[in-house]
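Build out the structure end to end from the sequences listed, making use of the hints.
Residue numbers (the UniProt record's numbering), protein chains in the order written: chain L, 1 to 193; chain V, 1 to 548.
Just so you know, not all the hints are guaranteed correct.
Stated by the list, open to error - Simulated pairs of lysine-lysine, DSSO-like, Cα-Cα distance not exceeding 27 Å: (1) L/Lys105 to V/Lys413; (2) L/Lys81 to V/Lys461; (3) V/Lys443 to L/Lys165; (4) V/Lys404 to L/Lys92; (5) V/Lys59 to L/Lys165; (6) V/Lys169 to L/Lys167; (7) L/Lys104 to V/Lys441; (8) V/Lys59 to V/Lys169; (9) L/Lys165 to V/Lys441; (10) L/Lys81 to V/Lys453; (11) L/Lys105 to V/Lys441; (12) L/Lys165 to V/Lys455; (13) L/Lys119 to V/Lys461; (14) V/Lys406 to L/Lys167; (15) V/Lys453 to L/Lys105; (16) V/Lys406 to L/Lys165; (17) V/Lys443 to L/Lys167; (18) L/Lys81 to V/Lys443; (19) L/Lys165 to V/Lys169; (20) V/Lys441 to L/Lys81; (21) V/Lys59 to L/Lys163; (22) L/Lys105 to V/Lys455; (23) L/Lys92 to V/Lys406; (24) V/Lys161 to L/Lys92; (25) L/Lys71 to V/Lys406; (26) L/Lys104 to V/Lys404; (27) L/Lys163 to V/Lys461; (28) V/Lys161 to L/Lys104; (29) L/Lys81 to V/Lys413; (30) V/Lys443 to L/Lys104; (31) V/Lys406 to L/Lys163; (32) L/Lys165 to V/Lys404; (33) L/Lys167 to V/Lys161; (34) L/Lys119 to V/Lys455; (35) V/Lys453 to L/Lys167; (36) V/Lys453 to L/Lys163; (37) V/Lys455 to L/Lys71.
What the hints contain is simulated information worked out from the structure, not anything from laboratory work.
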Amino acid sequence: MSLFGAVIALGVLALIFGVILGFAAVKFRVESDPIVDQIDEILPQTQCGQCGYPGCRPYAQAIADGDDINKCPPGGEATIKQLADLMGVEAKPLDDAHGEEDVKKVAVIREDECIGCTKCIQACPVDAILGAAKQMHTVIEHECTGCDLCVEPCPVDCIDMVKIKAKPETWQWDLDTVKENIKANSIPVKVVE
Amino acid sequence: MSGSQTMNRDVNTAVIGHFPGGVHPPERKQPASSKPIRKLALPQELILPVRQHIGPSGKVLVAIGERVDKGQRLTEAGLSQGLPLHAPTSGIIAAIEEHPTAHASGLPEQAIVIQPDGEDRWGNKHALPDYHDVEISRLLELIQEAGIAGLGGAGFPTAQKLAQQKPLKHLIINGVECEPYIAADDRLMQEHADDIIAGTRILQYITRCDSVLLAIEDNKPEAIKAIAEAIGDDPQIHLKVVPTKYPSGGEKQLIELLTGDQVPSGKLPMDIGLLMQNVGTAYAVKRAIIHGEPLLERVVTVTGESLKQRGNVWALLGTPIQHLLDESGFTPEKKQRIIMGGPMMGFTLPSSEVPVIKTTNCIMAPTEQELPSPGPELACIRCGACADVCPATLQPQQLQWLAKAKDYDELEKHNLFDCIECGACAYVCPSEIPLVHYYRKAKAEVRNIAREKAKAEQARKRFEARQERLEREKQERLERHRKAAEERKKMQQEKADKPESKTKEGDDKPAGKSAAVAAAIARAKAKKAAQAAKDSPEEDNSAKGNES
Chain L
1 MSLFGAVIAL GVLALIFGVI LGFAAVKFRV ESDPIVDQID EILPQTQCGQ CGYPGCRPYA
61 QAIADGDDIN KCPPGGEATI KQLADLMGVE AKPLDDAHGE EDVKKVAVIR EDECIGCTKC
121 IQACPVDAIL GAAKQMHTVI EHECTGCDLC VEPCPVDCID MVKIKAKPET WQWDLDTVKE
181 NIKANSIPVK VVE
Chain V
1 MSGSQTMNRD VNTAVIGHFP GGVHPPERKQ PASSKPIRKL ALPQELILPV RQHIGPSGKV
61 LVAIGERVDK GQRLTEAGLS QGLPLHAPTS GIIAAIEEHP TAHASGLPEQ AIVIQPDGED
121 RWGNKHALPD YHDVEISRLL ELIQEAGIAG LGGAGFPTAQ KLAQQKPLKH LIINGVECEP
181 YIAADDRLMQ EHADDIIAGT RILQYITRCD SVLLAIEDNK PEAIKAIAEA IGDDPQIHLK
241 VVPTKYPSGG EKQLIELLTG DQVPSGKLPM DIGLLMQNVG TAYAVKRAII HGEPLLERVV
301 TVTGESLKQR GNVWALLGTP IQHLLDESGF TPEKKQRIIM GGPMMGFTLP SSEVPVIKTT
361 NCIMAPTEQE LPSPGPELAC IRCGACADVC PATLQPQQLQ WLAKAKDYDE LEKHNLFDCI
421 ECGACAYVCP SEIPLVHYYR KAKAEVRNIA REKAKAEQAR KRFEARQERL EREKQERLER
481 HRKAAEERKK MQQEKADKPE SKTKEGDDKP AGKSAAVAAA IARAKAKKAA QAAKDSPEED
541 NSAKGNES
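Okay, here's the thing in structure tokens:
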């Protein structure tokens, strides 16, 4: 008899939880795969395609599906480390086949050489190039991700990738780069009695 | 004397709270604090970086070769945080070029170079001796147009700080000047106490605050006397003499000292009903409103044992540091260091060609004996001395470990951004670890990461917007093709229907359609056959045969 009671009690509990879980599954349904969003969050959004996928989001999808995490040269070691932490895998060195980690650059069009062919505009993944057919084009500098994709299509080779110049407000306190006779530890100066 | 009575009364009641930590480095304010402020000869050229405060730079209004009057505006403040810049003396614009700026990095920034003509000829001045019937918003505009930034060090636009409309408990005027060597505010208070109090009253009028606390450290008896006399028996301005301890002049530290209240982490003094301005700023506000003179010069302490004439000078903005040194009997030693700011918070200048800017309060040329270069950094022995002296009650040694490990999340959890970079921890460190340097680096890195992240987010949005646009365009194209195809079909059908309709009236649609199709096929075949017959008469037979 007591066995019967226990079975009924458990059965009722199972039913109640089943209903709750079923309800939750419908009500709190997650539309997209959250892991893809998390990976996409880590990727540098250069949209350069050096990983072999057409943009960062597709690569995020590929990583979620089991692709290697070391195919992103703009992100470099830091990104690989973060991805390794997220995916619970071992961090590996950057895959050379996809390029090398480089300093941040920005595309600059030599404007008097531009013929206005719009090929770079079509290549730019973030719409950072302004211009129209037979009109001079120019790069919106702060929107450019430095992905390199506009350089190759240009028929007159008038696009340069230029290193981003350091400004006082973005300077990283690398005192060694200022002048050799200023020691890194000379700030602050020490008063002695 | 009523002045000294006021002073004595306030000395007793001055300090309500106290702030934790702090150090007592040798003061060395002599001889700068006891010598009058000197006027200097005009330098060969004035170099005015376009951006001298926190916030974006303005638009340059002058061209090379243009003649400018003293006080003429050189740049126009564009956005909210912008401040205009004025010609400190009359002369000719010699260049507008990149020039190393007064920053530890020594990186070049856009600057306007003026060649003084020696006439020191003023342009238009709009003096406003009685401001009491002028609207507050107009006064704020005037302060903004005068290009006044906080002269205490941070360089935040003063008008913007004043414009925050919240009821104030106290307006605090900071004359503490706690850093060793620096005596610029001290001398200004001794010589221009009346002007400072007049400026304080303007600030008081703008903020509609009926309680002003004017704080001075007790190592400046002359300044205290002068200010007490200038205040007279004004019941709303209270002189507060605070004990000498570094860094009691820090904004948050002084607030804790005077009111006993702590400014919460990540909040502004404004959020607890307080506003702080430097005495130099009060002086500049008075000059701007009452005399109509924009901010053109400031007091700079020029000191250090490599100089014969140590003291304070009125330096025009843009004066090259080398000129200040030359005018003070500079005899450089081997590997001479030039420091901008004090010995605790200052930085070594990469070149003596950088100019004085709005926030420059001190230039030091110390001898190696006076201020020895720090020795090599040794390992942290976890003595905890730094934690004892930290005025922000942080854990400097822990922050140092985290900064070295580049653990930025953990650094933020340990409130790295509450660090005021006062240098007290580095001052007491027995291992000579340049702690503040690590914090500055870590802060720059954290800000950089945030900036990169914002940029990545922007790039992602643009990429997705573009993908969406391409997809939409593709759909539109397909739609267009589909419509065009339909249109063609319809036209054909209509053509086919017309002759059919005469013979087969009343037929239902499918039949009509199939008939039309049959007719069309027949027509096409006939056409083809005719074409074939025309092209090759030999194949005529076979073609005909096929058709039959």
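Problem set entry | Hints not upheld, ascending by number | Numbers 1, 6, 8, 19, 24, 28, in rising order.
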